[in-house]
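Number of protein chains: 2
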Amino acid sequence: MAYNVRMFANRTVKEYKVEEGTNLLSFLRKQKADVSAPCGGKGTCGKCRVKVEGIKAEPSEKESKLLGEKWLSRGYRLACCNKIESNLDVYIDDMEGKASIVTQAKEREVKLEPIVAKKYVELAVPDIGDQKSDFERIMDTDSYKSVVSADFLRGLPETLRKSDFKVTCVDIDKKIIAVEAGNTVNVSYGLAVDIGTTTIAAYLIDMNSGKRAGVYSVLNPQRQFGADVISRINYTMESKNGLGELHKSIADCINKIVRYFTSSLGIKRSSIYAVTFAGNTTMMHFLMKVSAKNISVSPFIPVTTRLHKFKASELGIRINPNGFAFVLPGVSAYIGADTVAAVLSSGMYKSEKITLLIDLGTNGEIVLGSSKWMFACSAAAGPAFEGANIRNGMGGVEGAIDKISFSPEIKFSTIGGKKARGICGSGVVDAIAGLISEGIIDETGRLLPEDEAATPREDLKKRITTIDGMTAFVLSGLKKGEADIAITQKDVRELQNAKAAIAAGIRILVSKAGIRMEDIDRVYLAGGFGSYINIDSALRIGLIPIELKEKIEAIGNAAGSGAVEGLISARLLKKTEEIKDRIKYVELSGEPAFMNEYVECMMF
Amino acid sequence: MAYNVRMFANRTVKEYKVEEGTNLLSFLRKQKADVSAPCGGKGTCGKCRVKVEGIKAEPSEKESKLLGEKWLSRGYRLACCNKIESNLDVYIDDMEGKASIVTQAKEREVKLEPIVAKKYVELAVPDIGDQKSDFERIMDTDSYKSVVSADFLRGLPETLRKSDFKVTCVDIDKKIIAVEAGNTVNVSYGLAVDIGTTTIAAYLIDMNSGKRAGVYSVLNPQRQFGADVISRINYTMESKNGLGELHKSIADCINKIVRYFTSSLGIKRSSIYAVTFAGNTTMMHFLMKVSAKNISVSPFIPVTTRLHKFKASELGIRINPNGFAFVLPGVSAYIGADTVAAVLSSGMYKSEKITLLIDLGTNGEIVLGSSKWMFACSAAAGPAFEGANIRNGMGGVEGAIDKISFSPEIKFSTIGGKKARGICGSGVVDAIAGLISEGIIDETGRLLPEDEAATPREDLKKRITTIDGMTAFVLSGLKKGEADIAITQKDVRELQNAKAAIAAGIRILVSKAGIRMEDIDRVYLAGGFGSYINIDSALRIGLIPIELKEKIEAIGNAAGSGAVEGLISARLLKKTEEIKDRIKYVELSGEPAFMNEYVECMMF
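Heads up: the protein sequence lines correspond to chains A and B, in order.
So in the numbering used here the end of the first sequence lands on 604, straight run, no missing numbers.
So in the numbering used here the end of the second sequence lands on 604, straight run, no missing numbers.
Treat the hints as calculated values from the structure; they're not laboratory data.
It cannot be assumed that every hint is accurate.
One copy or two, either will do: identical chains are not told apart, so a pair holds if it fits within one copy or between any two.
Unchecked claim - The calculated PhoX-like cross-link candidates involving lysine-lysine, where the alpha carbons are at most 25 Å apart (straight line), are: (1) K166 x K118; (2) K175 x K584; (3) K70 x K42; (4) K240 x K162; (5) K575 x K175; (6) K512 x K353; (7) K106 x K551; (8) K175 x K145; (9) K132 x K574; (10) K132 x K512; (11) K293 x K162; (12) K353 x K293; (13) K268 x K175; (14) K268 x K403; (15) K211 x K118; (16) K309 x K132.
Everything numeric in this text was worked out from a predicted model, so none of it was measured.
Please construct the entire structure, taking both the sequences and the accompanying hints into account.
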């Protein structure tokens with residue numbers, strides 16, 4: 001028995017025949033609907049809520065608890081908790097493409113030595129006195145030793161003859177990968193991609209100028225399999241072809257980005273010869289379709305963290321059929337290629353002064369060092385900074401509260417200026433910093449009930465309430481028609497844990513390096529969160545030591561910049577291996593001092 | 001409308017439904033029936049005869065002419081000339097595997113430096129104090145820089161963990177291609193294959209000892225697309241997916257050989273890590289699925305003649321999934337990897353004395369030289385030495401007359417001691433040499449009618465007759481029940497052309513080198529024909545200059561030996577490139593003196 005399911009998404013309606021008993025979340029995933037399920041479909045996070053008409057079953061206890069009367073009454077259900085047992089209409093809030101993803105970054109001057117090189121040659125036309133083979137005719141133009149694939153040879157004779165032996169040779173890494181008819185030297189592209197757990201940023205680079213020809217950002221479609229790397233790894237272990245699904249999800253997404261660039265810029269897919277990838281170690285494993293299983297369990301061993309060069313087709317990436325993919329190296333399971341790329345583009349690896357680099361994504365990576373030494377650690381901050389595990393948390397997409405000020409009165413802005421739908425990481429930090437300043441959160445992190453709150457302000461006091469048995473501070477929802485958005489005691493604890501992990505990580509690295517906090521010359525905040533966060537709020541909650549106040553600079557998507565640098569400079573691409581080798585990884589869970597620091601840093 | 005076709009082959013019967021109007025040869029090719037069609041199915045060679053019951057159409061004029069009353073009366077038809085328009089029973093003379101293919105060769109001592117190296121290592125088991133990635137753990141055991149494919153990484157974590165980090169690394173050409181659980185150092189194989197136009201010889205080599213673990217020879221299944229390289233190239237140009245078919249045909253055949261070795265020796269396919277290929281330039285192109293089109297037309301330009309290394313899977317060859325195929329280099333369109341391999345294994349490239357190497361296959365390749373210089377040419381001898389274009393000619397398979405003596409009476413032997421079915425190259429040479437000695441063929445090559453023949457022997461005279469308007473000498477068929485096998489005037493002309501081409505080629509090379517015939521220290525006859533030919537007969541017909549009489553040595557399948565040497569010695573594999581570069585190719589059609597020499601050499 002099959003049912004009709006109509007899916008309303010992105011202003012279009014599609015109709016499907018679905019087998020009875022199919023899990024609604026599984027079905028939506030298969031249709032690549034924009035539904036996130038941070039918990040991986042376990043029915044614990046409550047984020048896969050969709051508006052559905054036609055479900056006959058009553059909401060389960062789990063659904064009632066996670067959705068609350070408000071959402072239930074508006075027709076929302078949790079996709080993961082329901083099976084398709086009748087005809088359904090499903091409404092998807094499509095946020096694809098509307099996310100506020102940071103693709104800008106501080107760029108440094110890089111000498112152009114692109115990994116893709118093109119050269120136009122006019123070869124001698126063969127005759128009975130010059131019987132060299134086609135390939136040797138090409139070889140003679142350079143020191144080519146061999147070809148990368150039999151495929152290269154398969155098109156060669158026709159290309160040479162249709163162009164009267166006037167051709168353009170395409171080299172990658174000094175090896176010839178293609179021969180094109182005529183002079184195509186002017187058309188040469190490379191792609192740099194930063195695969196974040198939550199967001200993907202891609203840069204199309206003109207290899208002749210080293211300049212950006214296009215930029216594209218999108219939410220990582222893998223988030224339907226879980227919000228963080230651990231839930232995604234769990235999915236690969238629990239689902240039969242889970243790794244294959246995660247790999248296909250990212251490869252499809254990149255191919256879609258390639259199609260966007262080729263169609264919008266009017267270039268051919270075959271004119272993109274190379275792609276560089278940065279991202280955390282798990283993302284790189286999924287990209288390579290390599291098991292990330294051992295990354296999730298102690299002692300946290302990745303399959304590889306080296307710089308790899310593969311035929312792009314081996315990774316399912318559709319650029320030039322003989323094009324190459326470079327997977328940048330990482331340091332460990334939790335210091336990935338994104339951190340190495342950020343260290344590269346920040347230039348900290350060659351500065352004599354000491355830099356502290358903090359990349360706050362779904363995890364928090366911290367690197368401390370200079371041209372002489374570098375230490376790195378990964379602080380398991382959890383995804384609180386990205387809005388996950390927060391009652392009204394959401395990613396940095398339209399309708400998210402991203403900035404809050406408390407005086408003279410509560411005021412907030414939302415991304416895209418849209419009606420507030422939730423709160424993103426920078427908003428949470430602003431809210432909690434404000435509540436501390438106003439005396440509503442004490443130094444232990446307790447959200448004080450109205451009668452204990454130290455603030456004299458009535459406008460604030462009246463926002464203190466109780467939600468699900470916890471003290472909570474209402475940001476929005478006091479008036480009729482406003483969405484109910486609040487910070488709960490649990491949210492404060494989530495943030496407290498997260499900031500403590502980062503702050504303790506910084507202290508451990510400072511102590512490992514044998515320096516004092518004030519020896520640090522500058523602090524780079526990398527990543528989207530680092531760009532949006534209000535630095536005063538970050539200092540107020542103790543995320544960054546107050547001593548560093550004047551030295552902080554947001555450098556944007558430094559990982560993406562590093563991936564670009566690897567494309568436009570073969571020397572810098574190799575440099576990533578050196579950086580990787582030079583960074584000394586500090587496993588926080590193996591540091592006896594860490595727990596002490598962590599507990600100390602819990603305080604506000 | 002479809003018909004039932006029953007095919008009787010190899011002691012089995014198979015039944016097929018075949019669409020009305022299907023060409024019988026096309027159908028048989030599709031079923032991989034052992035039917036040869038040297039002309040490529042054009043209805044000119046008459047070799048695709050099969051016994052058929054059920055054909056309703058009368059034999060066409062072409063069929064009648066090519067088959068003659070004898071074969072027609074026995075129910076034989078030409079497959080290429082008939083369509084399936086009724087239910088049929090087809091009987092195939094299966095000769096597969098019964099061919100007398102030379103796989104033996106003179107072997108020289110080669111220092112064992114195999115291209116496949118295995119190494120057993122016991123790695124440290126990771127713990128929280130040693131978090132190196134799996135791949136880096138492997139890298140530390142050697143100077144590995146990277147891996148050859150993402151696939152390698154995909155199996156790595158499981159292999160390491162199921163063997164408690166005690167593994168065997170497999171290297172090819174100093175690059176790691178596989179990691180196996182436990183100690184498998186003792187199990188390591190390579191495959192060397194010589195792909196001849198007519199025959200294929202394969203050697204399974206134990207990479208630990210360098211010794212042959214198995215030998216297999218088979219007729220080249222591509223001969224159903226044509227007997228010689230030109231007809232096969234024409235097939236690729238005329239048929240839509242012709243190149244694909246030829247490639248698949250050879251790849252399937254090699255995979256079948258691999259299966260034979262693995263099942264008969266009880267080893268795993270994954271224990272064969274590398275394969276080396278020798279063969280003429282066209283065969284190497286078909287193997288690589290690269291167009292050989294320009295090889296067949298002036299100025300005869302191959303796509304490549306370099307040494308290539310590809311993943312075996314890229315060529316459709318199923319050994320270890322990460323195993324490599326090495327395609328040996330050639331010199332030109334008609335001096336292929338087989339000749340280079342033969343020069344290698346003959347050792348002539350490092351001898352101070354002058355060697356003449358003659359490889360008589362479907363074409364005749366001649367190399368003259370020493371450690372100081374080498375010249376080579378290809379004499380378009382045509383396939384007469386392999387029995388093609390000869391009235392009763394056939395390959396060196398069971399039932400072929402391979403040796404003939406004339407005194408005291410005509411006597412012949414057949415391959416396998418079976419009833420004579422035809423005559424192979426060495427038999428033709430013996431027959432013609434004998435007829436010259438007996439005065440039945442004069443020095444111009446005329447086969448004399450009975451009244452002009454200079455022989456006094458009546459037993460020979462009575463064998464002189466007329467067939468199809470030509471003088472002919474009957475070898476068998478005088479008695480009832482004997483197959484009719486004869487040498488006709490046309491056969492003599494075919495051989496005369498062939499031997500003149502070779503002899504003239506030798507003279508041109510001697511003159512190019514500026515030496516005298518007597519300066520040649522030794523003559524190596526390579527290839528199957530070179531092993532079977534009666535040297536006195538070869539001298540008598542003038543194939544080899546009489547001055548070289550005492551210096552001739554048959555060295556067997558020297559090309560196969562060269563392919564084996566490339567497996568067991570990385571140094572010798574590289575040496576093929578040097579040999580290729582050192583051989584100066586002489587294009588006979590570009591030599592003004594060649595036609596003179598050719599005409600002179602026509603005389604017996």
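Here's how the hints hold up against the structure:
1. In this homomeric assembly, K166 and K118 come within 25 Å of each other (Cα to Cα) only inside a single copy, at 13 Å, whereas the closest approach across copies is 45 Å.
2. Within a single copy, K175 and K584 get their C-alpha atoms no closer than 33 Å, and across copies no closer than 28 Å, so neither meets the 25 Å cut-off.
3. Within a single copy, K70 and K42 get their C-alpha atoms as close as 22 Å, which meets the 25 Å cut-off; across copies the closest is 81 Å, which misses it.
4. When the C-alpha separation of K240 and K162 is checked against a cutoff of 25 Å, the pair qualifies only between copies, where the shortest distance is 20 Å, while the shortest distance within a copy is 49 Å.
5. Taking the shortest alpha-carbon separations for K575 and K175, both the intra-copy value of 19 Å and the inter-copy value of 22 Å come in at or below 25 Å.
6. For a Cα distance limit of 25 Å, the shortest separation of K512 from K353 inside one copy, 17 Å, qualifies, whereas the shortest one across copies, 72 Å, does not.
7. Proximity of K106 to K551 under the C-alpha cut-off of 25 Å is restricted to the intra-copy arrangement: shortest distance 16 Å within a copy versus 79 Å between copies.
8. For the identical chains of this complex, K175 and K145 are neighbours both inside a copy (8 Å) and across copies (17 Å), given an alpha-carbon limit of 25 Å.
9. Taking the shortest Cα distances, K132 and K574 sit within 25 Å of each other only across copies (20 Å), while inside one copy they are farther apart (35 Å).
10. For the identical chains of this complex, K132 and K512 are inter-copy neighbours only, at 20 Å across copies versus 63 Å inside a copy, given an alpha-carbon limit of 25 Å.
11. Within a single copy, K293 and K162 get their C-alpha atoms only as close as 51 Å, which misses the 25 Å cut-off; across copies the closest is 14 Å, which meets it.
12. Neither within a single protomer nor between protomers do K353 and K293 lie at most 25 Å apart by alpha-carbon distance, with minima of 38 Å and 64 Å respectively.
13. For the homomeric pair K268 and K175, the shortest alpha-carbon distance inside one copy (22 Å) is at most 25 Å, but the shortest distance between copies (34 Å) is not.
14. For the homomeric pair K268 and K403, neither the shortest alpha-carbon distance inside one copy (42 Å) nor that between copies (64 Å) is at most 25 Å.
15. Proximity of K211 to K118 under the C-alpha cut-off of 25 Å is restricted to the intra-copy arrangement: shortest distance 16 Å within a copy versus 46 Å between copies.
16. Only between protomers do K309 and K132 lie at most 25 Å apart by alpha-carbon distance; the minimum there is 20 Å, versus 31 Å within a single protomer.
This entry does not satisfy hints 2, 12 and 14, going by the numbered hints stated previously.
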